[in-house]
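Chemist: As a plain string of letters, each chain reads:
Number of protein chains: 2
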Amino acid sequence: MNHATEKEAVPHVVIIGGGFAGLATAQHLKNCPVNVTLIDRRNFHLFQPLLYQVATGELSPANIASPLRAILENNRNVEVLLDSVESVDLENRCVHLAHSELNFDYLIVAAGSTHHYFGNDSWGKYAPGLKTVEDATEIRAKILEAFEAAELERDPEIINDLLTFVIVGGGPTGCELAGALAEVSKRTLRYEFRKIDPTQAKVMLIEPSDAPLHIYPSPLPQKATRALEALGVDVVTGFHVTDVNDRSVVLTSRDGQVHKTIGTRNVIWAAGVKASPLGVQIAEQSGIALARGGRVPVQADCSLETDKRVFVCGDLALFTDPEKGELPGLAPVASQMGRHAAKCIRADQEGRERKSFQYFDKGSLAVIGRLQAIGTIGRFKFHGFVAWAIWLLIHLMYITRFRNRVLVLVQWGWAFFTRDRSARLITGRHRWEKEDAVSERAQSA
Amino acid sequence: MNHATEKEAVPHVVIIGGGFAGLATAQHLKNCPVNVTLIDRRNFHLFQPLLYQVATGELSPANIASPLRAILENNRNVEVLLDSVESVDLENRCVHLAHSELNFDYLIVAAGSTHHYFGNDSWGKYAPGLKTVEDATEIRAKILEAFEAAELERDPEIINDLLTFVIVGGGPTGCELAGALAEVSKRTLRYEFRKIDPTQAKVMLIEPSDAPLHIYPSPLPQKATRALEALGVDVVTGFHVTDVNDRSVVLTSRDGQVHKTIGTRNVIWAAGVKASPLGVQIAEQSGIALARGGRVPVQADCSLETDKRVFVCGDLALFTDPEKGELPGLAPVASQMGRHAAKCIRADQEGRERKSFQYFDKGSLAVIGRLQAIGTIGRFKFHGFVAWAIWLLIHLMYITRFRNRVLVLVQWGWAFFTRDRSARLITGRHRWEKEDAVSERAQSA
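Sequence lines, in order, name chains A and B. For the first sequence, position 92 matches number 92 in the working numbering, and the numbering has no gaps at all. Add 1000 to a position in the second sequence, counting from 1, and you land on the number used in the working numbering.
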């Protein structure tokens, strides 16, 4: 059936993706004379910048996820549809879903990005990336199971591999993970084992360039490196990954001369993202050439060169700012683009001129660990405690709903003062749970 | 290898299961001259009485689960072992695990219970029970997906089946689930859908006896029935389930004369539990006859008739109190038995006489919904708000760790005043996520 036909004769806006961009569009079309359908495969919006804290057992998934229907409850012109997009047909202005199809007058494609293994997708099996709630709980289980397996193991070499954590990619996520992981081993698990010493765990951060967080102006990358090393993280720069398997990671120097093999059972991928495959369809149908990383170049108003009524926002889009150049794939960029798309639609309805998108750079911050962060706000550079405090405030402000904010604050407070992380659940079937095991435990049996 | 040999020559106490019973034993052996090994397949202790709130989206799993290692961090004589028990050898005083084996001087079997489909295990596929964190998140997804599927559906009959929730079993868990589910549909989801009306969802509670919670003295079961009906729950008494499939549930009256078929896609099993299969092994090796539900009859000191150094505690044990009769499978019974086993071991070490186990009945309460509960404390019966308030206090007191208490309180407070439940995540792959779907959403892509 066709949802659009059931609506009054006002424009139908279809939004693909309930991330920062898509959600912003839906929210800013409130009271605008259009019908909106927001399509997502999940029933919740995820506050992705804090996902690494779920992976390291500080927060629960629900703390950083809000049900889309709840967020949009009072946006009466918005319908949330849980379905997956099979294909987009720009010419016939139609979106084909797994269970239905939708006609649109306006289309906002905010389908985001996914992990990118640079052509080595087989690595994904050994080096999970961190994009979804499932990724986070899997990585959490992987990390905790490594310590558990080490406690059961007798072979010192295997114990060493189990307690070696390699994080590939020195961007914000990689640094945040490395810092948090160092704290998990040095503080949280410190006294919890009887045979192994968790504080002896190795955390390595692999960065091909000269320093992690190199997108930040000097001296911030250097400050970040020192902060990470102070936490006990082994920062390896100038090397990129040339192989990943179940036992080890192979690193190669930039000049290709030097090779290192690191024995490890725990590799986490924080290296690259690739835009959603929907970009390819749009390129084919519009004739627009995709930019690096499969991103779709958009006009000054975030719409397609070939179609003013199709907008591409967020990580999937490539917006080139006259002064600032190519905008990065960050949450603030995504939500501002999404809001701008809504403004353009509103302008169309009211017969006004569309404005060009102006990205307001609130700055960006990366946390390294307890009390440590680096970042820039406007022309100002911050590091250490000040940067960390600003990061804390900004993230609390942005967590979508009030209640989550309180919960996150309580948990951060607890984790900060006790150095404990109690969202440390290994869920799902795991290695020492056998189908045929007769043992049943009091509560899980 | 053999853990025991690595220890000094003090008795080795092996505890199977980190539930209420096993954990209590481990904790109360603190500073006792014994080495303790606690075996569990999970790395956390679960506060099972609140599991239904995870299933209905009010709490996150981590709020009611605490890492066993963290709880026992300062019990230096306790080693936590994540492994599953394959078999117990009472004669050779040895426990065979999936990855090792353990000799014991004392054995505490606290392996709990599992769902019981009365010989119809095939029903499990359609009627999940609520025992583990995975059960809870699966049931949560099942409930939320039913509303989502109904929103997409056009066939009124299928919509009706999707919005019909049948809970089998009118015990505490069944009543708590029914009450919470009624509130989810009537309050939480009320304004969140555009095509269906969630408040029209049917919640049915099936109880073979004359009233739910019939273990409680009159007039409490009647009060409970009225409270449930006030919430919109359809309480069906005098019928038991004779078939469950993917489309419906068949009910049959006690006399076998009347049959009812209820179209539903959502059946939740809260009807029966069966003791862990380990009980069978113990029975075979000790010659002790298992009691109803596969429970192992124990002596006055909670040990086996045939072996003073093997204790069975919690749901797996059947303790018959001279005055109170058979003790029920409740958390307080389990933890008191576990503690008693520890006291007996301590008495042995100090050359004192073992005492008989005295169950101190603090009473029991069952929540029916917002502000509604029933229960008994000693000779006193409570219902309505008073019972609910007492339930709230007791459960807050018992949640294992401080931080969880605060989190639970914050979430209860929020849920209470806003009637919102925001731990409403549908996680894991689900029906409208296809392997080959090209749609990727901004944050989960």
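One thing to keep in mind: the hints can contain errors.
[Said to hold, decoys possible] Dumping the calculated SDA-like pairs for lysine to any residue here, alpha-carbon to alpha-carbon at most 20 Å:
| no. | chain 1 | residue 1 | chain 2 | residue 2 |
| --- | --- | --- | --- | --- |
| 1 | B | 1195 | A | 186 |
| 2 | A | 195 | B | 1186 |
| 3 | A | 195 | B | 1134 |
| 4 | A | 195 | B | 1100 |
| 5 | B | 1195 | A | 100 |
| 6 | A | 195 | B | 1101 |
| 7 | B | 1186 | A | 76 |
| 8 | B | 1195 | A | 103 |
| 9 | A | 142 | B | 1076 |
| 10 | A | 195 | B | 1009 |
| 11 | B | 1186 | A | 186 |
| 12 | A | 30 | B | 1101 |
| 13 | B | 1324 | B | 1286 |
| 14 | A | 186 | B | 1076 |
| 15 | A | 195 | B | 1324 |
No lab work stands behind these hints, which were simulated from the structure alone.
Chemist: Look at each hint and say if it fits the structure.
Modeler: Here is what the structure says about each hint:
1. This hinted pair does not check out: residue 1195/B and residue 186/A have alpha carbons roughly 52 Å apart, beyond 20 Å.
2. With a C-alpha separation of about 52 Å, the suggested pairing of residue 195/A with residue 1186/B is violated against the 20 Å cut-off.
3. Proximity of residue 195/A to residue 1134/B is assessed by CA-CA distance (about 30 Å); at most 20 Å being required, the pair is judged violated.
4. Only pairs whose Cα atoms come within 20 Å are accepted, and residue 195/A paired with residue 1100/B is accepted, the gap being roughly 15 Å.
5. About 15 Å separates the Cα atoms of residue 1195/B and residue 100/A, which keeps this hinted pair within 20 Å; it holds.
6. Taking the CA atoms of residue 195/A and residue 1101/B, the gap is near 16 Å; set against the 20 Å cutoff, the hint holds.
7. Taking the CA atoms of residue 1186/B and residue 76/A, the gap is about 19 Å. The hint holds against a cut of 20 Å.
8. Only pairs whose Cα atoms come within 20 Å are accepted, and residue 1195/B paired with residue 103/A is accepted, the gap being roughly 18 Å.
9. At most 20 Å may separate the alpha-carbon atoms for a hinted pair to count; residue 142/A and residue 1076/B exceed this at roughly 26 Å.
10. For a cut-off of 20 Å, the pair hint linking residue 195/A to residue 1009/B stands: about 18 Å separates their Cα positions.
11. This hinted pair does not check out: residue 1186/B and residue 186/A have alpha carbons roughly 47 Å apart, beyond 20 Å.
12. Our distance criterion of 20 Å between C-alpha atoms is broken by residue 30/A and residue 1101/B, whose separation comes to about 64 Å.
13. For the suggested pair residue 1324/B and residue 1286/B, the alpha carbons sit about 26 Å apart, so the restraint of at most 20 Å is broken.
14. As the CA atoms of residue 186/A and residue 1076/B are separated by approximately 19 Å, the hinted pair is consistent with the 20 Å bound.
15. Of the supplied pair hints, the one linking residue 195/A and residue 1324/B is violated, its CA atoms being roughly 44 Å apart against a limit of 20 Å.
Hint compliance for this structure: hints 1, 2, 3, 9, 11, 12, 13 and 15 are broken, all remaining hints hold.
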